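Engineer: Residue-level listing of the chains:
Number of protein chains: 2
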Amino acid sequence: MKAEIITIGDEILYGQTVDTNSAWLGTHLNAMGIEVTEILTVPDRREAILDALKRASSGHELILMTGGLGPTNDDITKKTLAEYFGADLKRNKEIEEQVKALFRRWNREAAAVNLAQADLPENCEALPNPLGTAPGMFFHENGKVFASLPGVPHEMQAIFRDELAPRLQKLWKLPTIRHYFVMTAGMGESDIASRLRDFEECLPENVNLAYLPSLGMVKLRLTARGRNGEKLDPMLEKLGRELMPLLPDIVYYSGTDEKMSISKAVGQMLLENKARLSTAESCTGGKIAADITAIPGASHYFEGSVVAYSNRVKEKMLGVRSETLEAYGAVSEQTVKEMAEGVRKRMATEYALAVSGIAGPEGGSPEKPVGTVWTAIASPDGVQTKLLHLGGGRREIIQLTSNLTLHLLRRSIQRNEEGR
Amino acid sequence: MKAEIITIGDEILYGQTVDTNSAWLGTHLNAMGIEVTEILTVPDRREAILDALKRASSGHELILMTGGLGPTNDDITKKTLAEYFGADLKRNKEIEEQVKALFRRWNREAAAVNLAQADLPENCEALPNPLGTAPGMFFHENGKVFASLPGVPHEMQAIFRDELAPRLQKLWKLPTIRHYFVMTAGMGESDIASRLRDFEECLPENVNLAYLPSLGMVKLRLTARGRNGEKLDPMLEKLGRELMPLLPDIVYYSGTDEKMSISKAVGQMLLENKARLSTAESCTGGKIAADITAIPGASHYFEGSVVAYSNRVKEKMLGVRSETLEAYGAVSEQTVKEMAEGVRKRMATEYALAVSGIAGPEGGSPEKPVGTVWTAIASPDGVQTKLLHLGGGRREIIQLTSNLTLHLLRRSIQRNEEGR
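Keeping their order, the protein sequence lines are chains A and B.
Okay, so the first sequence: first residue is 4 according to this note's numbering, each after it adds one.
Okay, so the second sequence: first residue is 4 according to this note's numbering, each after it adds one.
Hints were generated in silico from the structure; no laboratory data involved.
Small disclaimer: the values here were computed from a predicted structure and weren't measured.
One thing to keep in mind: the hints can contain errors.
Remember, identical chains collapse to one label, so a pair may be satisfied in a single copy or spanning two.
[Stated by the list, open to error] Below 25 angstroms or equal to it, Euclidean Cα-Cα: the simulated DMTMM-like pairs (lysine to aspartate or glutamate) are:
# : residue 1 : residue 2
1 : K234      : E261
2 : K5        : D78
3 : K96       : E245
4 : K147      : D54
5 : K173      : D194
6 : K277      : E318
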């Protein structure tokens, strides 16, 4: 099955908006076994849209449009589709009710122009939009499917998942797709791959493994295809359980939540252990605390942080000894150790972490080049330190430090759990 | 002048990579007076590329390709272009030297496959790549320009700016384009527009004004077109000077740096005033400190921060009185005032800021709904507080608080400067 994605909108051509919808659709169609062979962006202009439809309909079974479905006059996708199919627009009563209900929820009155969103080409099936007023449209003509979705990403994604994908799966008897994620931190893609060589070779034919790397982390995605979705989930879970002992030191999450971050995983672990955390940050300048508190409910386990950017603050607010700073410098094992102990004691938490390093671009030296970062984890069992050598620019070094230090904290909590 | 952008790469169609190049090119071509009427993504496949070139060459004066120029076998843009033009590949000695020099800088030996990057279709002009090994190519055939640039964004942007854009401007006698930016914080787009109504009406015909809003900020972009670039810059500066008195309370920067952030502008101001800053953060959880320290050299003016997520830390590390917390709560004018005074005193800085609020999604109440944020700025002249009512999700409320509080700090420093 081959697909063309057509993105409709002047704002994409002007460069005001980056087209992220096509990448999202590319991933999801590909996972369903539908190959996207072309992505085309055209303006909100009748002739351009008609021409694009004509060209796309040869050589593709699915022509999937996004954008141009707003209530204003510049959005002409719907009436151009009606013209393409020689169909009349007809008010869809169910959609009209949904639009009215949405406006009631917003405590506003639906204007005529909003209700007109329910006027659809008579040869299409409406794809209800749970999050907005523009419904999607599904046309099945001469063995081909034409679908039109709104351009607002979260509306587009919801309609695709709940309405369009199931119709395509049923119509073309496509296999069901299930994903399972194993999130790792602290090891590179190629090292993980060499550990998983045997595991990968023994994967069932309907399962594949993808490596999705980001700063200091690699997300492993197991994808299974099959007729029976209910059988796929336990199979993936079983594979996940087989995979875990191969990577015991680096996995921080396994399951179906595609967006599980290391800070969220650490937060859940602290919650389960009824333990609280404090941090002392120099080179990260508050980024670790910001990553932790980006998670709703962080106040249940996060006490606070001292961002000690100057040596004076390290001494005064964290109790680092001036002799330590003089003898070893701010970026040293001794200093991060005292920072971690200091914040742990002053904020009275079970766990504390501390970092001090050189994020650059200035401040490096031959002995301590940019990217040198000392980290410390203080726990009820004492303090553990680790030296990191990181690459990249300032932004990357700061984010890598946050990710990898949270990973070290996670390991420390785990060891304490096991030790009990 | 009309352009089609052709993006070449399987990774875009699979959705592994979001095509950000096309939006960047769309903005820059549009500013030059070249209209992008179509963006097409095709796979790394000979027939698909040839077909795309054939289609694009009718109706467009510029066919601009990105991607598919790597040294490996799957990248076939170059040889497909040679086939399209019936041209042979020929080693370009200058480019070969540049590739060798690049590898010397990396302390590595250039392999044959790397040197082959200098083999170019004989009918093209090479566009040197200052940042990588794949040069761009410029073809001028039958009054049309075909250009091919590498897909790596910073390489593509450098070659476009330094090599391609000047050639197009010369060839088609396009007007020169100059930009000037006025960055504002703390006021919405429509309020600014109503203040600027007269200013906009009196703009010269070759100048236009764009409003580019983001969280709590609006970037104003003045764009001038003309034959003589040297005359445009003083004209834009003059317009900028006329604009400033209309927005004295909200402008934090004016000039040609498109990426000037509020944290960078505040940092420069602190540097100029030889003043230091400390912060005390509750609901932002370290994000303000992280925004400040994202700027290289922040250690010259930033002392540190206390992220006081719990009331205990507010008392112990900032000296907020327990009676204040009991009587007024953590999200109150009295509490942020004591937080700002406390951190200013303990970190011994000229300026300090403090925030305490409800970032959500939990924690709101009828009196203090999610988005209620108290801010305080402590300066040598005392403490000023302000209550914000912010919308959006947790992430937006945190970032809005950071942007708007840094704006309030900037105003406070400005008042102190003027008072001297």
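Engineer: If a hint holds in the structure, say so; if it doesn't, say that too.
Structural biologist: Outcome of the hint check:
1. In this assembly of identical chains, the alpha carbons of K234 and E261 lie at most 25 angstroms apart only when taken from the same copy (20 angstroms versus 54 angstroms across copies).
2. In this assembly of identical chains, K5 and D78 lie within 25 angstroms of each other by CA distance solely across copies; the values are 22 angstroms between and 27 angstroms within a copy.
3. Taking CA atoms no more than 25 angstroms apart as the test, K96 paired with E245 passes in neither setting, with 52 angstroms inside one copy and 55 angstroms between copies.
4. Taking the shortest alpha-carbon separations for K147 and D54, both the intra-copy value of 17 angstroms and the inter-copy value of 22 angstroms come in at or below 25 angstroms.
5. Proximity of K173 to D194 under the C-alpha cut-off of 25 angstroms is found in neither arrangement, the shortest distances being 40 angstroms within a copy and 51 angstroms between copies.
6. Taking CA atoms no more than 25 angstroms apart as the test, K277 paired with E318 passes between copies only; the shortest distance there is 23 angstroms, against 30 angstroms inside one copy.
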